[in-house]
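From first to last, the protein sequence lines are chains A and B. When the first sequence is numbered by UniProt numbering, its final residue is 188 and no position is left out of the sequence of numbers. When the second sequence is numbered by UniProt numbering, its final residue is 290 and no position is left out of the sequence of numbers.
Just so you know, these hints were derived from the structure itself, not from any lab. Remember, it's a predicted structure, so these values are computed and weren't measured experimentally. Do not rely on the hints blindly, as some may be mistaken.
Unchecked claim - Quick list of the computed label-pair ranges, beta carbon to beta carbon:
id : chain 1 : residue 1 : chain 2 : residue 2 : range
1  : A       : 170       : B       : 85        : 41 to 47 angstroms
2  : B       : 85        : A       : 155       : 30 to 36 angstroms
3  : B       : 129       : A       : 30        : 39 to 45 angstroms
4  : A       : 34        : B       : 70        : 27 to 33 angstroms
5  : B       : 129       : A       : 68        : 32 to 38 angstroms
6  : B       : 67        : A       : 1         : 57 to 63 angstroms
7  : A       : 177       : B       : 3         : 52 to 58 angstroms
8  : B       : 244       : A       : 170       : 26 to 32 angstroms
9  : B       : 85        : A       : 188       : 52 to 58 angstroms
Unchecked claim - EDC-like, lysine to aspartate or glutamate: derived pairs with alpha carbons at most 20 angstroms apart:
id : chain 1 : residue 1 : chain 2 : residue 2
10 : A       : 36        : B       : 6
11 : A       : 89        : A       : 67
12 : A       : 132       : A       : 155
13 : A       : 132       : A       : 179
14 : A       : 36        : A       : 113
15 : A       : 36        : B       : 62
Cβ atoms here follow ideal geometry from the backbone N, Cα and C, with glycine treated the same way.
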Amino acid sequence: MTRLAHLWDQSRCIACGACIAACNAANYGSTGRVNKTWGWLASNIKRVELVRGPRPMLFLVQCQHCDNAPCVAVCPTGASYRDVDGLVKIKPELCIGCKYCMVACPYEARWLDEESGLPRKCMGEECLSRVKAGLEPVCVAVCPAGARAFGDLDDPNSAISRRLAQSRYIRLLEGKGTEPKYFVVVGP
Amino acid sequence: MTAFQEIWSPYLIGPFLWLAGIAGMGSVAYVMLARQRVEGYQRLAYALLPAIVLALVFVVADLSRPWNMPGAILSSILGGTFGWVRSWMAVGIALISLGTVLLLFLTLRYIAASSVLVRIVDSTWYGVLLVVVGVLITIYSGFLIAAAPGIPFWNTALIPVLWLLSASVCALALVELLLHHGDVTRQVVRMGVALESAELIAVMALINLALYGGSTAARLSAQALAYGSLAAAFWGGLVGLGVVIPLAIGIVSMKRQSRALTAAAAVLALIGALLLRILVLQAGVFEPIP
Ligand code: SF4
Ligand code: SF4
């Protein structure tokens with residue numbers, strides 16, 4: 001089986017925003033259109049700042065490609081589905097824009113593209129075609145700090161499996177039972 | 001604080017849930033009154049079709065791809081991906097379509113009065129179907145939001161129960177407004193007092209469980225309603241005007257009836273049920289990460 005997944009290394013991230021901008025450029029043609037759902041730019045990666053101590057902490061949040069995805073379960077038409085490669089994808093031709101997937105996602109990982117009416121999320125079309133061609137998603141390719149990885153969790157030799165084997169990591173909102181496949185590395 | 005959810009417009013989905021409940025429990029009330037041959041019960045039939053059609057208008061108005069709906073639904077049914085038993089939205093599409101057809105025939109029965117229609121619509125099985133579909137539509141309108149795990153405040157079994165109670169209050173209010181006369185009013189007032197008391201308890205339980213439960217997001221929602229930015233609308237509008245005053249009028253009316261007062265209580269109860277849905281939707285927030 002294939003279970004493609006993303007990794008973001010918080011301990012290496014320098015918060016330059018290159019991944020966010022690259023997602024906007026590759027998947028949304030560098031549009032200046034606003035992503036009103038997040039009050040953000042048209043990108044599938046959201047920056048969440050957490051101020052709990054003397055220093056703010058940064059989290060980059062995106063679709064977790066949950067193995068047990070609520071967005072897939074609630075979609076009335078099957079427009080949101082889990083593909084054989086383990087990624088959660090959208091079939092635009094089946095989407096009626098009910099936005100049920102958006103309120104069902106505990107990570108608020110989907111945003112509404114007002115032009116097409118589609119709920120957008122990681123991965124965008126360009127990234128999906130890159131992955132199909134054997135390339136990395138753009139956020140992984142452009143990261144100057146090597147803070148990102150992508151690959152098959154079921155392949156012990158994939159980039160992501162090797163990184164996970166050497167790191168301490170967490171998964172976000174694990175208690176929700178979504179079985180997320182976005183790994184946040186917090187240290188070696 | 002995390003922003004209130006603005007994905008579903010509370011001013012479109014709130015009225016949708018309210019009208020679906022009115023059409024649903026109104027159908028149950030119609031069948032009960034029709035069986036007892038209560039004078040003027042036919043009037044209720046004329047109110048139910050507009051309610052379900054308006055519900056559809058509101059829900060479609062919130063879709064971001066309404067033009068894609070007929071094709072997508074048809075393709076997903078033919079392609080086997082329609083979520084008949086997986087998605088409450090799909091269940092709702094099926095139930096509301098069936099409800100609309102049933103209520104259309106019910107209305108036509110009174111307008112056209114063809115003998116075939118009269119025989120079908122007045123049959124026992126049609127009445128049973130109307131009751132079952134009406135109750136299911138009402139319950140569905142609760143499960144629709146309760147089954148959205150992104151918003152913890154909604155994600156509770158109390159919501160479908162609360163929706164059922166408040167939709168039943170709406171159905172009684174409709175009966176009161178359309179068919180005011182002696183015996184019926186006495187029964188309606190008594191049932192209204194019981195249902196409004198239960199509704200009040202359920203609303204308080206919803207807020208309390210969220211205030212003292214484990215989810216940060218649910219607590220933020222309950223705080224917004226109990227003493228935050230939505231408190232005035234919650235206490236003044238929903239609890240005060242929408243539940244407590246109709247309840248008080250109901251208790252007084254059990255002893256001494258006044259047409260004007262019971263009608264005012266019915267209107268307030270209807271407004272309260274609408275406010276309940278709008279406020280619960282509005283108060284929803286996502287769980288903060290991490
Ligand atoms: S993170 Fe949200 S959008 Fe992505 S798979 Fe999970 S539930 Fe679906
Ligand atoms: S908005 Fe589209 S993808 Fe999301 S649940 Fe509705 S039909 Fe499915």
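Evaluation of the provided hints:
1. At roughly 34 angstroms, the beta-carbon separation of residue 170/A and residue 85/B lies outside the given 41 to 47 angstroms, and the hint is violated.
2. At roughly 34 angstroms, the beta carbons of residue 85/B and residue 155/A sit within the given window of 30 to 36 angstroms.
3. Separation of residue 129/B from residue 30/A is about 55 angstroms and departs from the stated range, judged on CB atoms against 39 to 45 angstroms.
4. Between residue 34/A and residue 70/B the beta carbon distance is about 30 angstroms. The supplied range of 27 to 33 angstroms therefore holds.
5. About 36 angstroms separates the C-beta atoms of residue 129/B and residue 68/A, a value consistent with the hinted range of 32 to 38 angstroms.
6. Roughly 38 angstroms separates the CB atoms of residue 67/B and residue 1/A, a value that falls outside the hinted 57 to 63 angstroms.
7. Checking the proposed 52 to 58 angstroms range against residue 177/A and residue 3/B shows it is violated: the Cβ atoms sit about 25 angstroms from each other.
8. Distance hint check: the CB atoms of residue 244/B and residue 170/A are about 47 angstroms apart, inconsistent with the given range 26 to 32 angstroms.
9. For the hinted restraint 52 to 58 angstroms between residue 85/B and residue 188/A, the CB-CB distance of approximately 46 angstroms leaves it violated.
10. With a CA separation close to 10 angstroms, the supplied pair residue 36/A and residue 6/B stays within the 20 angstroms bound.
11. Simply put, residue 89/A and residue 67/A have alpha-carbon atoms about 12 angstroms apart, close enough for the 20 angstroms limit, and the pair holds.
12. A threshold of 20 angstroms between alpha carbons decides the hint, and for residue 132/A with residue 155/A the separation of about 17 angstroms falls inside it, so the pair holds.
13. For the suggested pair residue 132/A and residue 179/A, the alpha carbons sit about 24 angstroms apart, so the restraint of at most 20 angstroms is broken.
14. Between residue 36/A and residue 113/A the alpha-carbon distance is near 8 angstroms, which keeps this suggested pair within the 20 angstroms criterion.
15. Annotation: proposed proximity of residue 36/A to residue 62/B holds, straight-line Cα distance about 16 angstroms (limit 20 angstroms).
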